[in-house]
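Participant: For chain A, the structure is supplied; the task is to place chains B and C on it using the hints.
These protein sequence lines map, in sequence, to chains A, B and C.
Position 230 (the first sequence) corresponds to 230 in our numbering; numbering is contiguous.
Position 37 (the second sequence) corresponds to 37 in our numbering; numbering is contiguous.
Position 240 (the third sequence) corresponds to 240 in our numbering; numbering is contiguous.
Heads up, some of the hints might be wrong.
In silico lysine-lysine, PhoX-like type, Cα no more than 20 Å apart, as pairs [unchecked claim]:
id, chain 1, residue 1, chain 2, residue 2
1, B, K289, A, K269
2, A, K149, C, K80
3, A, K270, B, K76
4, A, K327, A, K74
Everything labelled a hint here was simulated from the structure, so no lab data went into it.
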Amino acid sequence: MRRITKGIAALASVTLAFSIAACGGDKKEESTGAAKVDPASLSAELTWWDTSDAKNEGPAFKELITKFNQTYPKVKINYQSVPFGDAQNKFKTAAQAKTGAPDILRAEVAWVPEFASLGHLYALDGSDLLADESDYLEAPLASNKFDGKTYGVPQVTDSLALLYNKELVEKAGVTVPKTWAELKTAAQTIKSKTGTDGLYVNAAGYFTLPFMYGEGGDVVDTASKKITVNSEQNVAGLKIAKDLIDSGASVKPSATDSYGTMMTLFKEKKVAFIINGPWEVNNIKTAPAFGGVENLGIAPVPAGSAKAAAPIGGHNYVIWSGVPQEKAPAAVEFVKFLNSAESQAFLADKLGLLPTRKSAYEIDSVKNNAVVSAFKPVAEAAASRPWIPEGGQFFGPLDQMATEVLIQNKDPKAALDAVAQKYKAEVVPAYSAS
Amino acid sequence: MAQMTTTPPVTAVPATSGPARINKPRRGRRSVGASIALHGTLILASLIAVGPIAWVVLSSFKPGYAVQSTEVTLFKDPTLANYRYVLFETSFPTWFLNSVIVASLTMVVGIFFSATTGYALSRFNFPGRRSLMLVFLITQMFPVSILIVPIYTIMANLGLINTLPALMIAYLTIAVPFCAWMLKGYFDSIPTSLDEAASLDGCGPFRTFWRVILPLARPAIAVTGFYAFLTAWGEVAYASAFTQTDDKFTLAYGLQQFVPQFNAQWEYLTAAAVLVTIPAGIVFLFAQKHLVSGLTAGGTKG
Amino acid sequence: MTSVTADPAPSGAGLMPKLRRSWDKHWTAWAMVVPVVLVMAVLIFYPLVNGIWLSFTDQNEANQLAEICTKSITGGEVCKENPNAWSFVGLENYINVLTGKVGEFWQWTGTTLIWTVAGVTFHYGLGLGLAVMIHREMRLRGLYRVLLVLPWAVPAFISAFAWKFLFNERLGLVNSVLNSIGIDSVAWFSNKWSALFVAIITNIWLGVPFMMVALLGGLQSIPEELYESAEIDGATPWQRFRAITLPGLRPVSMTVVLLGTIWTFNMFPIIFLTTEGQPAGQTEILVTGAFRAAFEGIRNYSLASTYGVLILSILLIFSVFYRRALRKQGEVW
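Chain A extracted, bound-state conformation:
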C-alpha cells in the first residue's frame, strides 16, 4: 500500500551476484525460545526503526520505551525515527548487505510478505509473541503470514471509511449514505442546498478499491493464481466512481496532490464527504476551521451491489533475521511489550491508533474512545489484500489507471485491461490473465 507521501526515496540498486553469503551450514539446534526470561537481568542493546510520524506519533513511542525500561532496565533501545518514504528500500539495502539494518522495524503491511520472501525476517512461530495469537484480529494478523509462517505482529490496523462533516450533512438534511447511489444523491443534495461541494473522490489506486470491492471484485485471486483486475465487477465499480464525478456529485479530482487537495478541502469545510482512514482523524480534529472531532462523522464505506468493503492497511512489528540469536530474547520481550493490549490501548488513547488485539478493545479507555469505536466496525469489515511478496507493486499501475479513468475519461475496461497486462508482464508473470 504505497500511498501519498513518497519522500524522495531515490534508493535503488543493482546487486552483486557474489555477495551471496552461504547460509546453509551451521544450523543451531532448536532451543526453546519460550523459556522464561528474567526482566531485570535481561541485557541487550536493540535498534528500532520507527517509521511513524516523527513529530506527532514519535513521542508516544518513546514514552513506551521509557515504560519498558522500568521493567527491563538493562535492555537499551536505540530509537531511530526513519522517514516512511524510504524506509522500505533502506531496510532492504541494509539487510541485503547484512550490515546496518535495525533489529526491529515498524513495517507497513505490504512490506512483510516481501521482506519475508527475501529472508530478511525472523519467523516468530513458537515464540512468546505468538503465544496468544488468537487474541489478534484475523485480518491484520494475516498480513504477517507468508508461506505458512508468521513474520510479524500487527501494531495497528486501519481501513478506509466514509468521513463526513456533520454540520453540512445536517444542514442539507440528508442521512448518512449506505450505498454509492445514496452517496451520490446525498452529495448532490448538499451541493444544491448549501452550495458546498458534496464529495471528493481521490484519484488514486488504493482509493478506488472500495468501489471495486463493492461490486465483488479484487485485483488478483491468490488461491487460483489469477489476475482479476479487469473483471466485470471492477469495471462496474469504476463506472460508479466515474459517475460520481461526471454527475457533479464529486469534485473533479486533480492529477497530482489529489490527496492533499481532498484533505485541505475537507478540513476547511469545503467538501462534505471524503473516503479516508483513521490516520487523518488527528489532523482533522486539530484543523482550526473544521470544528473539532464533534463535527466529524465516521461511517463504513458505502456499499456497491455486492457488499461494502475497504482495503485493510496498517503496520507490523518485525525482527530482522540478521539479529544475533543471543539478542533474540530481548527483541521478543521488547516487541511483546510494545504490542501488549495495554500498550495498544495507550497508543489508541494517545494517537487514535486502532488496536489489533481483541482484548485491547475490552479496555475501558479504548471502549470509551469515540473515534476508535467508530472505526472498529470499519476495521473488522476490512477486506484482506493479497499478501504476496509482489503485493506492493499492484498500486503503481492502479494509480495510473485511476488517473486515466477518473481524470482523463478513458474507458474503464480498456484501462483495466492495460493494468492486467502490466501485472502479467511485470508483477505476477506466473498468474494467468483472465
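Facilitator: Just chains B and C now, kept in the frame of chain A:
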C-alpha cells in the same frame, strides 16, 4: 591535440591597452537607456529566481494549516513557532553540523583532487588521458539510483556505513568528474608560457602547479568549489542509504522526517529549508568574491 | 593552448624499456590523477561493469540467492533451494524493453529528449545572458549575483514541492493569480503537455544558476583588453559578443553543455516529485520510469541495469556526436 584552442591569443592585447586599464570598471560607458534595460532585466530575473523561494519563506512563518489552504494568502497568522520547533525540538543542529562537515570536506578535498587531475589533463599528454576524460563522463551517465545498492555493499565492506566519510567519498564521485573537466578547461586557457617560465626558474611540475597556476585559476576554483559544496549540501539519495542514525544525518536527509507517510509538516519543512538555504547563500557570497579575472589581475604579461 | 604534443610513434623497442620510458615521462601526470582514478574505479566503475553484466541476466531481489533461508526466532534455520534462481537470459531484457513488452521505453525516451533539449537550451541561453550581464561592473552586482544563485542553494526536493504547490489546480498561487485576472483555472497536471511544461519550467528555474555561475567563471578567463581593443576598433556589442565572448567561453561551454545534458537527462527529483509522472505516467522520463518499473516492490536489478545501460548508450552516442561536431571547430578533448 596539438592544435591551439580558439581562446583568443593574449598577444592581441599590448598595442592598445594602457597599463592602468587592467580590469577596470567600464560602467561609465553605458548609456542611461542601456542601464535601465540592464537593471530592469536583472530585477525581473531576480524576481523570478526569488519568487518560489519567497513562497517557501512566507510559508515558513505560517501555521501548518495555512500552508496549503483554499485561501491563497501571503501572510496568515505569522509565527516563529516553526523555526523554534525545527531548531530546538529536532536534531537540526546535529544535522547542520554534519552537513557543514561533509560539504566543506567535499569542497576542499574535491577541489584538491580535481585541480591536480584537471592540471594533469590540461598539461600532460600521458597515455590514458583521453580515456580518463571519457571515463569521467561515463560515470555521470549511469543513473545514480541504480548504483546505490552496490555502493552500499562496498561501503559496508569498508566498514563505512553510517559514517560521514562514506558520504564524503560518495559525493566526491559526483563532484570530481565535473570539477576536473571544468578546471581542465580553465587551465587550458592559461598560457603555457607561464609553466615554462616557472620551470626555467627551477620550479618542478608540482610547484608550478601549486604556486603559479592554481592562484591564477581562482575563478574556476570558486565555481567548482561552490558546486562541490552544494552537491554535498543538498544531496538526499546517498545520505538516505548510507546514514542510519540521527547523529549522522545530513540536513537534506534529516528534513525528510518532516514528510511522514501522511500529514506532511510543510510548515517545518519550509522553515528548515530556509535555514538550509542561508548558509549556502553565504558560501556563495564568499565564493563570488573570487569570481574576478585571475588572469588579468594576476598579471600574465610578466 | 595546451602544451601537449603527440606521443612519438612507438618504435620497435622492447616492452620493458618502453614502459620504463613511459613511466619516466609521465609519472607526474599519473601521480596527479591516480587517487581520483582509484576511488572512481572502486565506487563507480566496478558497479557499472557489474550492472552491464546484470542486464544480461534476470536477477532481481528475490531470485539472486541460490537458497532462501528462514531463521526462526526460537532458534534454527531452514534453507531451501530457491525455486526460481536467476539465470543468464542474453538479450531478453533488452528485447522486452525495446519492444515495449515491459515499460514504455519509447514514450519515455521521447519525453526525455524534449525534457533534455528544452532544459539545456534554456539553461545555457538564460545562464549565458545573465552571466554576461552580471559580469559587468555595476551597482548592486553582488546582490544580483546572490539573488540569482538562490534557486541552486535550495535543496532540489524542496523546490520540487514548492513548484508543485504553486501549480496546484485548486490551491495553487498560479491559478489563483489567473483567476484574479479573469482566466479560468488550468488543470496543469491533467494534460501531458501542461504537466511537462510545469516540470520543464521548474527544471529551468533550478538549473540556470549553475550555468550562470559556471559561465561567469569562464568569463573571467577572457582578458578585458580584448574587449577594449575591439571597442576601439569600432566593434558593436553584438560583434564583441560573437567574436570574443563566445569563443572565449568555449572550453567552459563545452563542458557545461555536455555535462548539463547528461545531468538533465538523468534528472530524477523534478519529475518524480513535481509531476509524479502524472497524468497517468505520461510525463515519466527514462530515469523515473525505470525507477518506478524496477524499484517499487521487489527490486528488479536486471531490469534497472538494462535501463541503465540503455541510458548510458544514448548518452554515449550523444557524446560522440557532440565531440565530432565540436571537433570541426577545434580541439575538443
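Participant: Against this structure, judge whether each hint is valid.
Facilitator: The hints, checked one at a time:
1. B/K289 with A/K269: The hint is violated at about 53 Å.
2. A/K149 with C/K80: holds, 14 Å
3. A/K270 with B/K76: Given that 20 Å is the threshold and the Cα spacing comes to 19 Å, the pair holds.
4. A/K327 with A/K74: holds, 12 Å
Hint violations for this structure: number 1 only, all remaining hints satisfied.
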